[in-house]
Amino acid sequence: MANFGKLFIVPTPIGNLEDITLRAIRTLNEVDLIAAEDTRHSQKLMQHFDISTRLISLHDHNEAQRATQLIEKLQQGLNIALISDAGTPLISDPGYGFVNQCRANSVDVIPLPGACAAVTALSGAGLATDRFRFEGFLPVKQQAKTQVLESIERETATCVFYESPRRIADTVQAVVDVLGAERKVVVAKELSKTFETFYSGTAGEALEWLHADSNHQRGEFVLMIAGHKSDVNDIPEEALKLLKLLMAELPPKKAAAIVAQQYGLKKNTLYQIGLEFGS
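To convert, count from 1 in the sequence shown and add 41; that's the numbering used here.
Errors might be hidden in some of the hints.
[As the list claims (entries may be wrong)] Calculated pairs, EDC-like style, for lysine to aspartate or glutamate (alpha carbon to alpha carbon, straight line, at most 16 Å):
| no. | residue 1 | residue 2 |
| --- | --- | --- |
| 1 | K225 | E196 |
| 2 | K114 | D73 |
| 3 | K186 | E231 |
| 4 | K47 | D73 |
| 5 | K282 | E317 |
| 6 | K270 | E223 |
| 7 | K114 | D149 |
| 8 | K285 | E317 |
| 9 | K270 | E196 |
| 10 | K47 | D149 |
| 11 | K234 | E113 |
| 12 | K182 | E204 |
| 13 | K85 | E59 |
| 14 | K186 | E204 |
| 15 | K47 | E113 |
| 16 | K225 | E246 |
| 17 | K234 | D60 |
| 18 | K47 | E71 |
| 19 | K270 | E194 |
| 20 | K225 | E249 |
| 21 | K225 | E194 |
| 22 | K294 | E317 |
| 23 | K114 | E104 |
| 24 | K270 | E204 |
| 25 | K225 | E317 |
| 26 | K234 | E261 |
| 27 | K307 | E196 |
| 28 | K85 | D126 |
| 29 | K186 | D211 |
| 30 | K182 | D211 |
| 31 | K270 | D171 |
| 32 | K308 | E196 |
| 33 | K186 | E176 |
| 34 | K294 | D171 |
In case anyone wonders, no lab produced these hints; they're calculated from the structure.
Work the whole structure out from these sequences, hints included.
Right, here's the structure in full:
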């Protein structure tokens with residue numbers, strides 16, 4: 042095992058080429074082989090940074106077979122970098138099976154930090170970030186999409202989805218239908234690119250914005266849905282008063298735990314209400 046090569050997970054820019062890290066460039070230059078989702082697409086990036094390392098494809102349709110070949114090369118001592126078309130590999134991109142097999146075969150997997158559309162969008166959205174739930178792409182079929190949205194109806198964490206330009210309007214319409222027109226959302230498009238745009242409002246307002254101009258439906262999207270707000274009407278007035286009193290002296294989680302124990306309530310619900318007190 043000591044002579045095994047290493048697998049490096051290397052994020053690449055999601056738009057602006059300046060967002061690649063110095064470590065990523067050095068790693069791509071130093072490895073023996075780069076496994077890319079689309080070699081033709083990635084070749085442009087390699088040329089821009091004058092990286093001459095050989096590319097080999099690894100995508101949804103060949104991952105099972107290719108992973109076996111690449112693990113053999115790693116066991117022979119070659120170092121390999123894994124990249125996707127944009128952003129951090131495996132985040133709604135191929136590679137899970139390959140990385141899983143590397144771990145199973147005692148191959149060191151070294152992930153590099155870098156660009157990720159979900160985190161980039163979330164950090165600039167103005168929605169709660171203490172907890173978030175990443176769901177990748179919603180299903181294409183309407184019934185399956187509705188079922189996923191129904192499953193997050195009372196989710197208190199911010200939910201993050203990727204969406205394509207041809208489906209973004211239909212998806213926001215589904216949000217309106219399932220979660221209500223008043224649910225707060227943020228639509229982010231073309232992150233780090235020239236026409237980067239954030240639209241913040243209710244789901245109903247976002248749908249109107251998308252239909253107001255065909256350009257609003259162009260680009261790659263990150264759709265963020267605000268978490269369900271706990272209904273303070275479900276909490277006894279005495280419990281709310283105690284929660285407010287304790288939060289003046291204690292962290293929200295500690296205050297919520299004390300009130301939950303005192304009144305037999307759910308700690309997470311009280312915690313979310315406590316956060317709303319401070320917002």
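Hints, verified against the model:
no.	hint	in the structure
1	K225 with E196	13 Å, holds
2	K114 with D73	10 Å, holds
3	K186 with E231	23 Å, violated
4	K47 with D73	10 Å, holds
5	K282 with E317	14 Å, holds
6	K270 with E223	12 Å, holds
7	K114 with D149	13 Å, holds
8	K285 with E317	11 Å, holds
9	K270 with E196	9 Å, holds
10	K47 with D149	5 Å, holds
11	K234 with E113	39 Å, violated
12	K182 with E204	13 Å, holds
13	K85 with E59	14 Å, holds
14	K186 with E204	12 Å, holds
15	K47 with E113	12 Å, holds
16	K225 with E246	9 Å, holds
17	K234 with D60	11 Å, holds
18	K47 with E71	12 Å, holds
19	K270 with E194	10 Å, holds
20	K225 with E249	14 Å, holds
21	K225 with E194	12 Å, holds
22	K294 with E317	13 Å, holds
23	K114 with E104	15 Å, holds
24	K270 with E204	24 Å, violated
25	K225 with E317	15 Å, holds
26	K234 with E261	10 Å, holds
27	K307 with E196	14 Å, holds
28	K85 with D126	11 Å, holds
29	K186 with D211	10 Å, holds
30	K182 with D211	11 Å, holds
31	K270 with D171	14 Å, holds
32	K308 with E196	15 Å, holds
33	K186 with E176	11 Å, holds
34	K294 with D171	12 Å, holds
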